[in-house]
Amino acid sequence: MDTLISKKDLDRIIDSIVETCQVFAPVNQEGIKLFQEIQSKDQIIWADGNCHRSVKEIFFPITEPIFFYKKTRLGVKIDPIQNHNKKRVLIGIRPCDAFALYVMDQVFTWDYNDELYLALRKNTVIIGLSCVRPEPFCFCTATNISPFEERGSDILLTDLGNGMYHSRIITEKGTAFTERFKKYFKEITPEQELKKEALANTVISKMPAPFPIADIKSWLDRNFGHPIWEELGLGCIGCGTCTYLCPTCHCFDLTDENRGYSGQRRRNWDSCAFDHFTKMAAHQPRTFQWQRFRQRVMHKFKYYMDKFSHLACVGCGRCRALCPVGKDIYQVIRAIQKETNCQNQNLKGAKKGK
Amino acid sequence: MEKTIDQACRSLKDELGKDKEWRPNIIAFLCNWCSYAGADLAGTSRLKYNSNVRLIRVPCSGKVDPLFILRAFADGADGVLVSGCHPGDCHYSTGNYFARRKFALLKRLLEFCGLDERRIHFSWVSAAEGGKWSKVVNETVEAVHKAGPFKGLEPHEGSDKGDKDE
Amino acid sequence: MNHIYQPSLMRIESIKEEAPDVKTFRLVFLDPVLRQTFHFQAGQFGEFSVFGEGEATFCIASSPTWQGFIECSVKMAGKVTQALHRMDVGEVLGFRGPYGNHFPMKQMENKDLIFVAGGIGIAPLRSLIWNCLGSRDRFGKITILYGARSVADLVYKDELDTWEKRHDIHFTKTVDPGGETEDWNGRIGFVPLVMRDLELDPRNAYAIVCGPPIMIKFTIQGLDAMGFKPDKIITTLEMKMKCGLGKCGRCNIGHIYVCKDGPVFTFADIQALPAEF
Amino acid sequence: MRARIKVIRMNEIKAKLKALLKNAELDLVIGYGERKIPTSDGSEITGICPLFVTRESGIDGLVWNRHCVHNLVTYLTKKEYKDYKKIAIFVKPCDLKAIYVLCQENQIDRQRLLIIGLACNGMIREKMGISTKELAGKCITCRESSEGAVARCQKEHTDLMIESTPEGSIPSSSEKKALTLEDLEKMSGADRWAFWQKQFQKCLRCYACRAVCPLCYCEQCVCDMSQPQWIEKSPHLKGNFLFHLVRAFHLTGRCIGCGECERVCPMGLPLTLLNQKMIKEVKDLYDYESGKDPEQAPVLSQFRVDDDESFIK
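Residue numbers (this note's numbering), protein chains in the order written: chain A, 742 to 1095; chain B, 9 to 174; chain C, 4 to 280; chain D, 77 to 389.
Because the hints were derived from the structure by calculation, they are not lab data.
These numbers come from a predicted model, not from an experiment.
Among the hints, a few may not be true.
Stated by the list, open to error - When the alpha-carbon atoms are kept at most 27 angstroms apart in a straight line, the in silico DSSO-like pairs for lysine-lysine are as follows:
#1 Lys110(B) with Lys389(D)
#2 Lys818(A) with Lys26(B)
#3 Lys774(A) with Lys278(D)
#4 Lys21(B) with Lys818(A)
#5 Lys274(D) with Lys782(A)
#6 Lys98(D) with Lys154(D)
#7 Lys774(A) with Lys203(D)
#8 Lys818(A) with Lys26(C)
#9 Lys92(D) with Lys162(D)
To be verified - Partial pick of chain B residues on the chain D-facing surface, computed with a CB cut under 7 angstroms:
#10 Pro74
#11 Leu75
#12 Leu78
#13 Phe106
#14 Ala112
#15 Leu113
#16 Arg116
#17 Cys121
#18 Gly122
#19 Phe130
#20 Val144
All C-beta atoms in this analysis are idealised placements derived from N, C-alpha and C, irrespective of residue type, glycine included.
All chains should be modelled from the sequences, with the hints used to inform the complete structure.
Here it is, written out as structure tokens:
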């Protein structure tokens, strides 16, 4: 059910919800665009381009205490953290980040429900903003989603350029939110609808072609030991930049911090690029950096597909832009695609030869 | 060693926490051969000096790693005093010379980060200078008292709801 | 807010010194309801928390048939294990679990069972052995081969004696060359070599192997040579774990998560995995 | 192999390297290579990244231009490159000083290296992967320091030398560095404390600064140790404060100001300020400059009886 909403009405909605619940939006913090809590609507930056850090940190924080404990003579007393039940609204999230949350939900609900993450997800309304002018390093269309992807957002706004936003409701949370502010959402005229579709097609047409995901996966299935991995991974210095900025990287570490007889257990982000990620007393399965580089590519384009039939890469381009030594997962997959093509030729050649 | 520093800060905080008015919580690293003996002499000759100091004995002032001092501040000390033998008296002959360079550079790094310079003190106290030791401790406590409680390293609100102490 | 990473509390009921660096802890849940409802299967593991030090992964070494407590045998290695070894009876530690899959008891019914263990690797097998001995008639011939670096390193010494005395178990114990004492009555030699002298009949048999990676490698080669089919050789794999339930992303070998799809694997599963462990 | 061929062009260097690779006098060449980055609107931008050449055919990929901002010396101490016997490496003057410190600390054997010096007068800054028009942050600070000394030491200690500076106009350093060392020193203690608290709270602990630093080569960093655990692993203020201060102190008297840590920080922390301050203090207190001469003893492993002790009671 599509509607139309003007920029002014949108600002009025934001002003009213800022009092009642936490509102997060892209904000400029010393030249870096980040998702922060806002107090007023003018803090929001509506301009194009994604935030520097992905929105996952609002649901899966960089570091968070998961419980506190106190050691007494009688034993140990655990006092849990408060419930994450504050109502929150997230505005201006890009479709790739929103879809990344949809992808990460799969692992956080695999057999065991991670209440820490899911409680925050349940209490947050996500109002996505589709990308009319993608950034140079974006490649979401290559990972089979689009700058107008709907999955992951509760409501998807599209800036039609004339101060009006096309708004599409995607989930019940979206309907509830639109219901609450019924008077601001106007009826949509068919030619506005067409305008949005035309805008979407023009933007998507210019974007990179999709990866042949099935071919890539079947190549990855068979080529864990392929020598190309050492070449592709050479030069990676093992910092955590790509994993910490990635919207779908969900690995974490649990550590205790003790002060005398009390303390807390914390959950922090962790990265497969680090050496101590898999280092055990007995042995270290991934000794060289290119093996860890391979793990990241394999996890996103094969293992996640095996377990949850979703790519764990949404093509946001952050890791391409900020890698200190210019590693680029998009070019890695295109290189593998070239490998699959020449392997297909060999197969075809073999067939002909028989 | 890091558990010793944590325990020292802890026990001092518990003991000082009892009376209402805040008193500075100081950790002192003393070299075993001169300063520790000097402090011992101060004790045996019944010299009165401020009691809110916890001493940690180290083999030599050269052994005091900047990490010990940073750890002390992180664990809640309001001030740190490091004391060793006078240059030339070192039991290991050159320990305090190397230490002197480390402390000079560490003091400037911490000041550059904005740590109040009244919180960190260095001194040479020989085994015979019981009087000087009590004077040094009183001066240190006085300076740290002026600098006030060290609230610097409480984790900020954003990432966690503060350290839940007892 | 309670969540899946919050451990339940257990009290140490007894500590048994098994070897110079191995202790067995018997733990009882503080929560009486849990004491009744908790059940697990042989081969599953748990995440044991020493508050202030961290969490570590150990298999549950007691048999599922023993009620009211669980046991785990811990070798002193890192931060958490050393803290555990400093604890004494009555102290409280945390437990999350049981996690992972378990030994395939159904397929092993009325089959011959061959247990090959090395060092602390006997802990998961001990749970399975006592579980099988609990209903001995469901299984065929049981052979146990257990080796360790030296006599002092042998774990569960008294239980080894009871197994030796039982006439329905073919029990062989060995120590590495140089690890024997004067009154040592067992074999001397590495486990994979001693195994060759036992007449192991691969037909209608399962071999369960557990121990240091080097021992597993050569033992499986030996079993292969004796004609054991890859799907009849069962072993456990060990990777670094933090959450123990498939979320923290570090214990994967290829697309297999050792904490969810393991730790018990057949040699056939392992052959399908990339050579990354 | 110590041929002191001085002033030659890039293509002559390439021919020389090909010859050396052919008769196995060289196992690896670490230089700068160009890569075509496909962007979302179908066009391509050229990006520079470290290039590792083991075969002759790869030599043509080597380039030297305004975007070669990386310090390649960081690879010399990494596990993956330790077993190459003979390595040729392209170094700018700021990178070259890192090799001296590594030689001082016996981390690399000078005989294993064929050092190819590059005369540099300023690299271009990259923002979110896209080149801007301004001078890179580290080049602003380098320009202020004595340029003469840099050029002089380059002439003496390199094996081969490309005298020609990269083509293209020298990028303007219009955008003065947002915050210089002097600004911070003028601030009061409390303001500085507030400033650094705000900066350290932004840190993610992605360890890019440590991974890219040529002088951070410890097998296991003190920040990764759990027995004893000196520094909290969590990226809250206390953990970040300890991490950055321990790193700053471990670089005291060693850091050569190559500015890589600030370039790679995804959160834009002004990390070089800490190191620039310590470079200044070490110069002022002990008249010592790191990375000037491979044979001199490191500043903290020597002392003088008349060192300053005015601050000691």
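For each hint, the structure was consulted:
Between Lys110(B) and Lys389(D) the alpha-carbon distance is near 16 angstroms, which keeps this suggested pair within the 27 angstroms criterion. This hinted pair checks out: Lys818(A) and Lys26(B) have alpha carbons roughly 24 angstroms apart, not beyond 27 angstroms. Between Lys774(A) and Lys278(D), the direct Cα distance comes to roughly 13 angstroms. Compliance with the 27 angstroms bound is thereby established for this hinted pair. With a CA separation close to 22 angstroms, the supplied pair Lys21(B) and Lys818(A) stays within the 27 angstroms bound.
A distance of roughly 24 angstroms separates the Cα atoms of Lys274(D) and Lys782(A); the hinted pair therefore holds under the 27 angstroms criterion. Taking the CA atoms of Lys98(D) and Lys154(D), the gap is about 25 angstroms. The hint holds against a cut of 27 angstroms. For a cut-off of 27 angstroms, the pair hint linking Lys774(A) to Lys203(D) stands: about 13 angstroms separates their Cα positions. At roughly 25 angstroms between alpha-carbon atoms, Lys818(A) and Lys26(C) fall within 27 angstroms of each other, so this suggested pair holds.
A hinted pair counts as satisfied when its Cα atoms are at most 27 angstroms apart, and Lys92(D) with Lys162(D) qualifies at roughly 15 angstroms. Interface hint at Pro74(B): satisfied, since its Cβ lies 5 angstroms from the closest Cβ of chain D, which is below the 7 angstroms cut-off. Because the smallest distance between the Cβ of Leu75(B) and any Cβ of chain D comes to about 5 angstroms, under 7 angstroms, the interface hint for this residue holds. Proximity of Leu78(B) to chain D holds as hinted, the smallest CB-CB distance being about 6 angstroms (cut-off 7 angstroms).
For the restraint placing Phe106(B) at the interface with chain D, the shortest Cβ-Cβ distance is roughly 6 angstroms, inside the 7 angstroms limit, so the hint holds. Annotation: interface hint on Ala112(B) holds; nearest CB of chain D at approximately 6 angstroms, less than 7 angstroms. The interface hint given for Leu113(B) is met, as the beta carbon of that residue sits about 5 angstroms from the closest beta carbon of chain D, less than 7 angstroms. Using the Cβ-Cβ criterion of 7 angstroms, the hint placing Arg116(B) at the interface with chain D is satisfied: the shortest such distance is roughly 5 angstroms.
Restraint check, Cys121(B) versus chain D: the minimum CB separation of about 5 angstroms is within 7 angstroms; hint holds. At its closest, the beta carbon of Gly122(B) sits 3 angstroms from a beta carbon of chain D; the interface hint therefore holds under the 7 angstroms criterion. The restraint placing Phe130(B) at the interface with chain D holds, with a minimum CB-CB distance near 5 angstroms, inside the 7 angstroms limit. For Val144(B), the suggested interface contact is upheld, since its CB lies about 6 angstroms from the closest CB of chain D, less than 7 angstroms.
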